[in-house]
Amino acid sequence: MSLNEVWEAASASPFQPVVSKDGQFSVGFSLLLLALIFTGLFGLNRSFLSLASLGVPASLLFGFGAVFMICAVGVYV
Amino acid sequence: MRFITATVLGLVTSSLAAATNLTTPSRLALPADFKPPQVFKNTNLVRNTNLEKGYVRETINVVVENVDKQPQSDYYIPFPDEVFERVGGFEVRDKKAADKGRFVVDTTEAVSVGGQQYFIAHFPEPLAPKSQITLGISYAVLNSLSPRPAFIQQNDKQYLTYTFSAYTPSAYQTITQKTKVKFPSTNVPEYTTTSDLKSGADPERKGATYTYGPYDTAKVSPGTEYPITVRYEFTNPVVTVNLLERDLEVSHWGGNLATEDRYWLRNNGSELSSQFSRVDWTFSSYQRAPTSAVREITYPLKPGSVDPYFIDDIGNVSTSRYRPGNGKSNGLLELKPRYPIFGGWNYSFKVGWNNDLSAFLRQAAGQDSWVLKVPFIQGPKSDEGVQYERVVVRVILPEGAHNVRFQTVEGIASNGLPGANQIHARLSSLKTYMDTLGRTTLTLEVDSITDEARDAQLIVTYDHSFMDALRKPLTFFGGLLSVFVAVWFIGNIDVSIKKR
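Read top to bottom, the protein sequences are chains A and B.
Take my numbering: the last position of the first sequence gets the number 77, and nothing is skipped along the way.
Take my numbering: the last position of the second sequence gets the number 1500, and nothing is skipped along the way.
FYI, nobody ran anything at the bench for these hints, they're computed from the structure.
Owing to the predicted nature of the structure, the values given are computational and were not obtained by experimental measurement.
Beta carbons are placed, not taken as given, at the ideal position from N, Cα and C, and that holds for glycine.
Worth double-checking, as some hints may not be accurate.
[As the list claims (entries may be wrong)] Derived pair list, reagent style DSS-like, types lysine-lysine, alpha-carbon separation capped at 30 Å: (1) B:1328 with A:21; (2) B:1035 with A:21; (3) B:1130 with B:1069; (4) B:1302 with B:1328; (5) B:1095 with B:1178; (6) B:1035 with B:1069; (7) B:1350 with B:1431; (8) B:1180 with B:1157; (9) A:21 with B:1302; (10) B:1219 with B:1095; (11) B:1182 with B:1041; (12) A:21 with B:1431; (13) B:1180 with B:1100; (14) A:21 with B:1373; (15) B:1157 with B:1381.
[To be verified] Listed next, the stretches of chain A that the computed footprint assigns to chain B, with coverage defined by at least 3 CB atoms under 8 Å from CB atoms of chain B: (16) 3-14; (17) 17-28; (18) 45-51; (19) 55-64.
[Unchecked claim] So the derived label-pair ranges between C-beta atoms look like this: (20) B:1326 with A:40: 41 to 49 Å; (21) A:45 with B:1314: 53 to 61 Å; (22) A:75 with B:1061: 46 to 54 Å; (23) A:9 with B:1100: 16 to 24 Å; (24) A:14 with B:1326: 16 to 24 Å; (25) A:9 with B:1163: 47 to 55 Å; (26) B:1421 with A:22: 39 to 47 Å; (27) A:22 with B:1303: 14 to 22 Å; (28) B:1182 with A:22: 48 to 56 Å; (29) B:1128 with A:9: 32 to 40 Å; (30) B:1277 with A:8: 30 to 38 Å; (31) A:74 with B:1457: 25 to 33 Å; (32) A:75 with B:1313: 50 to 58 Å; (33) A:40 with B:1489: 14 to 22 Å.
Produce the entire structure from the sequences given, and follow the hints as far as they go.
What follows is the structure, given as structure tokens:
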């Protein structure tokens, strides 16, 4: 099967990005803002409980927020 | 901590698995006294030489007969070794079954210094004794036109010369043959007239087409030459790209295909005999008079192309205009170089733009399998044509892509590219923004092609799973979480001075 046939066979499933180009900035900005707020709250009370309840979500939000923000500013990673 | 170790280990495991179908062109070595076996006879040969562009485009249609007692399948096509490297987009097809695709073609080393070098076309099925096949051989020869005079005034007409043999070079005996030369205009001040090759006028002229022959060459041994020189007007630039580097960067997170083309350009036309005059240039530009200089480069882009840029060694070049296509029509990038590029002058620049990835990428049958279809080269579109001495295309796939395969799309006509076994392909890793392992990069190198390859399409398939995609956010997650853990741990160390 030639690769061109693979391409034709896949015509019904074009690539769909998780977040469209227009939405990247707002999504990235919101995630980073939430990450900042969570980081601040963790800073107020550095217990193990707040590490689990605030630090982990803040890290996750920062991870995805950073990816969408760098795409939003034109560096498509 | 164990979690972080596990995460980091998971991130670092290599996913650049061995890829399939990567090729490295190789040339067959021949013994010093090699002569192609005389198993074929060219019954009738017609060569069409097209000089309308800044390179030579030749199409040879030849009826080949097997004169051996055994079925034969290897047809040798000779070129002098100094020309061989400049032959581009070489292709052989069965003229009567063009839709069956091109034949597999191998190349050889030079037989001796200054000797012949061969393309070997392998017929898909051996040709039985006494049966015939009609071959369509097409190729372009780069850098074979020389400007005469070599130095002209700024507003003068430019003339090029081309020298070839009246007898088409062939490894086999040819019974009858003729050559049709197509010029860009009827202004052909000098051309060789032959006296003893045939009865009647030779060449026969009809408009801008000159026909040498037909000649009866049954008694002429293969390899005999009869030099013909033509000199014709070509008041257009002879645009030569020494090197084109093209990057296609695929981003799943951004849903973007970023393209950047970097050009090292030269005009191989007549050089200026006196100093460049800006006043004369402005006059002639205003009148849109024909010129041997590159005045403007028009660069068609795919529909939906956005954010174009045009940068040279100094910085952004503001004399450019982008006409975005509406809906399905192509966009047009109109570039005016910083200065007109006259004969012997160089200009290097880069252009780039973005596209939505959804038009170029599809999800193949498997869950994590993707298929990408992109133009092999795009490049300027102009009447005078562009010749590329070397093209390096890099397809930068997302980090973690593996099982990479590629193919160029073949149609019923030539796609301007050499055969798949003449494309040098390799896989490497490129580290740039937010990368831990580096992005899987497929690099394809081709020498000597022309702007005919503009319509050629490249298809790349690769596997890229959801976990591969999560590598970037999880790396940042791990990094920030380790900061939090460090803050919590250090904050809980009791450093007070007191009695325990």
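We went through each hint and held it up to the structure:
no.	hint	verdict
1	B:1328 with A:21	holds, 20 Å
2	B:1035 with A:21	violated, 62 Å
3	B:1130 with B:1069	holds, 8 Å
4	B:1302 with B:1328	holds, 9 Å
5	B:1095 with B:1178	holds, 18 Å
6	B:1035 with B:1069	holds, 19 Å
7	B:1350 with B:1431	holds, 21 Å
8	B:1180 with B:1157	holds, 25 Å
9	A:21 with B:1302	holds, 18 Å
10	B:1219 with B:1095	holds, 27 Å
11	B:1182 with B:1041	holds, 27 Å
12	A:21 with B:1431	holds, 23 Å
13	B:1180 with B:1100	holds, 27 Å
14	A:21 with B:1373	holds, 21 Å
15	B:1157 with B:1381	holds, 22 Å
16	3-14	holds (count 9)
17	17-28	holds (count 6)
18	45-51	holds (count 4)
19	55-64	holds (count 8)
20	B:1326 with A:40: 41 to 49 Å	holds, 48 Å
21	A:45 with B:1314: 53 to 61 Å	holds, 55 Å
22	A:75 with B:1061: 46 to 54 Å	holds, 52 Å
23	A:9 with B:1100: 16 to 24 Å	holds, 22 Å
24	A:14 with B:1326: 16 to 24 Å	holds, 21 Å
25	A:9 with B:1163: 47 to 55 Å	holds, 50 Å
26	B:1421 with A:22: 39 to 47 Å	holds, 44 Å
27	A:22 with B:1303: 14 to 22 Å	holds, 18 Å
28	B:1182 with A:22: 48 to 56 Å	holds, 51 Å
29	B:1128 with A:9: 32 to 40 Å	holds, 38 Å
30	B:1277 with A:8: 30 to 38 Å	violated, 56 Å
31	A:74 with B:1457: 25 to 33 Å	holds, 27 Å
32	A:75 with B:1313: 50 to 58 Å	violated, 23 Å
33	A:40 with B:1489: 14 to 22 Å	holds, 19 Å
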